[in-house]
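Chains as they are written, first to last, in my numbering: chain A, 1366 to 1776; chain B, 602 to 906; chain C, 157 to 443.
Among the hints, erroneous ones may be present.
[Claimed, not checked] Keeping only pairs whose Cα atoms sit at most 25 angstroms apart, straight-line, the calculated BS3-like set for lysine-lysine is:
id : chain 1 : residue 1 : chain 2 : residue 2
1  : A       : Lys1575   : B       : Lys708
2  : A       : Lys1576   : B       : Lys708
3  : B       : Lys653    : A       : Lys1667
4  : A       : Lys1667   : A       : Lys1506
5  : C       : Lys347    : C       : Lys332
6  : C       : Lys167    : B       : Lys708
7  : A       : Lys1518   : A       : Lys1597
8  : A       : Lys1482   : A       : Lys1653
[As the list claims (entries may be wrong)] A few chain A residues that don't get close to chain B, going by computed Cβ distances all over 12 angstroms:
id : residue
9  : Thr1396
10 : Glu1517
11 : Gln1732
12 : Thr1746
[As the list claims (entries may be wrong)] Ranges between beta-carbon positions, derived for each pair:
id : chain 1 : residue 1 : chain 2 : residue 2 : range
13 : B       : Phe766    : A       : Gly1537   : 55 to 63 angstroms
14 : C       : Leu428    : B       : Phe766    : 51 to 59 angstroms
15 : B       : Phe766    : A       : Asp1573   : 31 to 39 angstroms
16 : B       : Trp648    : A       : Gly1438   : 14 to 22 angstroms
17 : B       : Trp648    : C       : Val191    : 23 to 31 angstroms
18 : C       : Lys332    : B       : Ile690    : 44 to 52 angstroms
19 : C       : Lys332    : B       : Arg805    : 36 to 44 angstroms
20 : B       : Phe766    : C       : Ala168    : 44 to 52 angstroms
21 : B       : Pro797    : C       : Lys347    : 36 to 44 angstroms
These are calculated hints, taken from the structure and not from any lab test.
C-beta: ideal position from N, C-alpha, C; glycine also.
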Amino acid sequence: MLKRLLAATTLAYGLGLSVASAETISMWVRTGIGDSFKEVVKAYNAAGEDKVELTEVPFSELVQKYATAIAGGQAPDALSLDLIYTPAFAAAGQLEDLSEWAKSLSYFNALSPSHVKLGTYQDKIYGLPLSVETSIFAWNKELYRKAGLDPEKAPKTWEEITANAEKIRALGDDTYGFYFSGGGCGGCMIFTFTPLVWGADADILSPDSKKATLDTPEMRKAVDIYRNLVAKDTVPAGSASDNGVNFLTFTNGKIGQQSIGAFAIGTLVTQHPEIDFGVTLIPGVDGKPSSFAGGDNFVVTKGTPKLEAVKKFLEYTYSMEGQKIMAKYGSLPTRGDIAGEVLEGLDPRLKVGIEAIAVAKTPYTLQFNDLINSSNGPWATFINAAIYGDDVDGAFSNAQSEMQSIIDAGQ
Amino acid sequence: MTMSGIASQSPRHRRKKRSGWRGLLYIAPAMALVTVFFVLPVLFTVWMSLHKWPLLGTPAWIGFGNYVRMVSDVRFMAALGFTAHYTIIVTIAIFAVAFPLAIFVEKQRPLVSAYRTIIFLPVVVGLASASLLWVWLANVDSGLFAPLMQRLGLTNGRINLLAGFDTAFLTIIVMVVWKIAGFTMIILLTGLQAIPAELTEAARIDGARRWQRFRYLTLPLMRRTMALALILSVTGSILAFDQFYIMTSGGPQNRMISVVYYIFNQSFVSFNLGYGAALSIALLAILVTISIFQLWLLKVGDERP
Amino acid sequence: MRTRREIRARKALRDRIAYHGIGIGTAFFFLAPFVIGLLASFRPNSESGLPPLPPWPMSGISFDAYRILDGFGSGVWQHTLNSLVVSFGTVALTVAVSVLAGYGFSRYRFPFKNALFVLIIATLMIPFQSILTPLFIILARLGLNNSLFGLMLVYVTLQLPFSVFMMRNAFDAVPKEIEEAARIDGARDLKLLVRVLLPLVMPGVATVSIFAFLNAWNEFFAALVLLSSNDNYTLPVLMTAVRAGRLGAINWGAVQAGVAVMVVPCLIVFLLLQRYYMRGLMAGAVK
Chain A
1366 MLKRLLAATT
1376 LAYGLGLSVA
1386 SAETISMWVR
1396 TGIGDSFKEV
1406 VKAYNAAGED
1416 KVELTEVPFS
1426 ELVQKYATAI
1436 AGGQAPDALS
1446 LDLIYTPAFA
1456 AAGQLEDLSE
1466 WAKSLSYFNA
1476 LSPSHVKLGT
1486 YQDKIYGLPL
1496 SVETSIFAWN
1506 KELYRKAGLD
1516 PEKAPKTWEE
1526 ITANAEKIRA
1536 LGDDTYGFYF
1546 SGGGCGGCMI
1556 FTFTPLVWGA
1566 DADILSPDSK
1576 KATLDTPEMR
1586 KAVDIYRNLV
1596 AKDTVPAGSA
1606 SDNGVNFLTF
1616 TNGKIGQQSI
1626 GAFAIGTLVT
1636 QHPEIDFGVT
1646 LIPGVDGKPS
1656 SFAGGDNFVV
1666 TKGTPKLEAV
1676 KKFLEYTYSM
1686 EGQKIMAKYG
1696 SLPTRGDIAG
1706 EVLEGLDPRL
1716 KVGIEAIAVA
1726 KTPYTLQFND
1736 LINSSNGPWA
1746 TFINAAIYGD
1756 DVDGAFSNAQ
1766 SEMQSIIDAG
1776 Q
Chain B
602 MTMSGIASQS
612 PRHRRKKRSG
622 WRGLLYIAPA
632 MALVTVFFVL
642 PVLFTVWMSL
652 HKWPLLGTPA
662 WIGFGNYVRM
672 VSDVRFMAAL
682 GFTAHYTIIV
692 TIAIFAVAFP
702 LAIFVEKQRP
712 LVSAYRTIIF
722 LPVVVGLASA
732 SLLWVWLANV
742 DSGLFAPLMQ
752 RLGLTNGRIN
762 LLAGFDTAFL
772 TIIVMVVWKI
782 AGFTMIILLT
792 GLQAIPAELT
802 EAARIDGARR
812 WQRFRYLTLP
822 LMRRTMALAL
832 ILSVTGSILA
842 FDQFYIMTSG
852 GPQNRMISVV
862 YYIFNQSFVS
872 FNLGYGAALS
882 IALLAILVTI
892 SIFQLWLLKV
902 GDERP
Chain C
157 MRTRREIRAR
167 KALRDRIAYH
177 GIGIGTAFFF
187 LAPFVIGLLA
197 SFRPNSESGL
207 PPLPPWPMSG
217 ISFDAYRILD
227 GFGSGVWQHT
237 LNSLVVSFGT
247 VALTVAVSVL
257 AGYGFSRYRF
267 PFKNALFVLI
277 IATLMIPFQS
287 ILTPLFIILA
297 RLGLNNSLFG
307 LMLVYVTLQL
317 PFSVFMMRNA
327 FDAVPKEIEE
337 AARIDGARDL
347 KLLVRVLLPL
357 VMPGVATVSI
367 FAFLNAWNEF
377 FAALVLLSSN
387 DNYTLPVLMT
397 AVRAGRLGAI
407 NWGAVQAGVA
417 VMVVPCLIVF
427 LLLQRYYMRG
437 LMAGAVK
């Protein structure tokens, strides 16, 4: 009898049914990840007994705020963490090990592989995908039309893109052919620019992340492409000092082409219905496409007493219902197995975002912030100096050596 | 100060002892706050500076390792250099604007108080708000300066002021002068008004020209006031952070990283809290040294009537 | 005779024109950024990305920018309220603490007086960004994390060097005879301080209040790190979110509206109290 009761309890527990009293989970998300996750939380709070209390933290300050909160013992139960930070946080021993539970999920193998890879540290899983974001190439069909280009024909090479950009620029005053955030936004440029070299099988870090491999013929070629776009005046002047706040300048309708995130498809559809745009994969320097798999991982603060409630909530986000809400508000499905069904009836362009996952890469390094993301780091500095500066060789050698010294200092 | 202390010592001698503890009582709330929210955190910072203290994870004792590292840290030296450069330029710029303004608003004339008030207005807004306002004005596409210069035919096309070091630096200097000059002006004005009118009048009658009066009368008498204005300006400039953080994110290719910005980056971007702490302590030492030097300057002013 | 008077009159006129010419030019430089920003904040959203040439709205006044601003965080009213609570709380506490301390430093002698005074002033010398982590931990230990009151205490501490210095000077300027007379009339300690001396140092109190208000109202970094829920954020924290942009594009209209909301109260407070403020500042500067 007792045994049976126990078994029943365990079963109920496992299903997450036995949480006696409703709990409130505190969770942080970064500002600017869009409405999709907020809507999921809204639906969950309306339906279930448990509540999720969401706090939006400005994305540029999220990491230090979370770290300070941990130091003061005031961290939230869970966090939507930019996936590239997961290894560093896991390595610091701040995150709850979710391995067993994660592997028990029937759809575990269908979860976005880049996220799981980044969420894994020393064979343990600390982070699971919450939102998937891939970089893709978008063009403004109306401007294509005006410039006498075929609006339905996606450009396949950078020669094509450059030629199109010039034609669009010729339309006049504040219409430009191309845009990127080149003013020290490392995060923007790793997202939209490195696919150019990844497509050609080069990379900026060695596979084990112990060597900086910035100076490659592929990267030189990619830099030349962007320099050329700037030199031909196809890029607005503001690009040179845009530290990321205008990452989606494409939404103003006056930019012919830009590499953006799949997230932006939802934004464009809902917030800027007037813009007629097409999307395709970002071509590499030799035409082979690639992408950056970004987005957020769901991580749990080590030692939270509300682990079960947190898991229950995460299961809800992975359910068909949760995934559909996310997709409706512009986030790609995190589960590959039901992606087709989830995206049914939604904008067909979202499928390009899913296609990108297959060719996408994500750098795995504990020093992502220092190397890449910091607007004062070597990568951001390199982008600005190499694309806008006069001394390309100097930009390469400086960045290469500084990256290497940061990597060495971290060993 | 010392004079009055000596003079008043004997008659007060009896009360001094009696009121000793009562005086401490009055300053107790202030001391409590300073202890809890300043002394303790600073001591804690000193303690942290002796560790390799990551933002996340467990700290490890490394003694003076952080301080040794500092000496050969090229980027820290660059930040020091930039901060010194900025401090000198901005202080000169502020004085160059504030001194003439102080002279301009010194005499009671019609509308003079209105001018004073308007010049002072930017002082009362926050540096962050001011930076935000100016980063918009300086934005190449949606701001004021670049399109205006283009429309006036001063530039061919729109120039992105924040993209190049020189123009971005100039923009920030102009913004800071706009924000701070009113404050310095008021302080200098105080000094000007403290100069007895008879003195100037006498010099005028003696045939001293305007420049001579300024050079040999006004300036020497303004010594103390100028020292005060100087201390405030220099200390403020050495601690500059908001304007670089908000307006240029460290500037084109990292060329506008001030010391505080570097400390901020080390602590919260690179997660080296320990090293950030050591840098803070070093900065504290530098500031204290500079302040002592400046106080000494003040004293010099004291001895020369 | 006549010509000389004429010459003098002409010179006076020329002086006046030069004076007002310079005055108006200067006033324009210091005033224009505010005016342009404020005017631009009333442009409809469709114009918010355009250069402010002219700055005023071309197709009717619109509150789009303010509506968008309201869409950030928990709404602009909530954050304004938080900011007001923190600012006025900081003012009240700063005045109370610094009047007491200023009086103590001015009128009493006690061991380590100078050292303690220098210690308070030394608070100015450290970039407080670098002591934020310890501050956070201390506040958490005191149970004051994520509380507006905790933030107030930090702000009061940051205000102390200036305020105590100011109030000590203000009390120094009060003739000792007044105090002696009041003592003879039987006024003691706190009563003496509040009834007799406080009215005499009002300009100092006003100056300290305005400074405390302005600094608490405008500070963003400590607020950002020390507060951790949407509902508690103050206006400057909201502004960091506005600056970061939403959906990948900064909305300049929201920035202008935010700057207006941040700046206008400061200007009002200053304009209302400027008489005291200027006088207090000057009195402090002479010392």
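Of all the hints numbered above, which does this structure not satisfy? Sort the numbers upward. Of the numbered hints given earlier, those the structure breaks are 1, 2, 4, 11, 12, 13, 14 and 17, listed in rising order.
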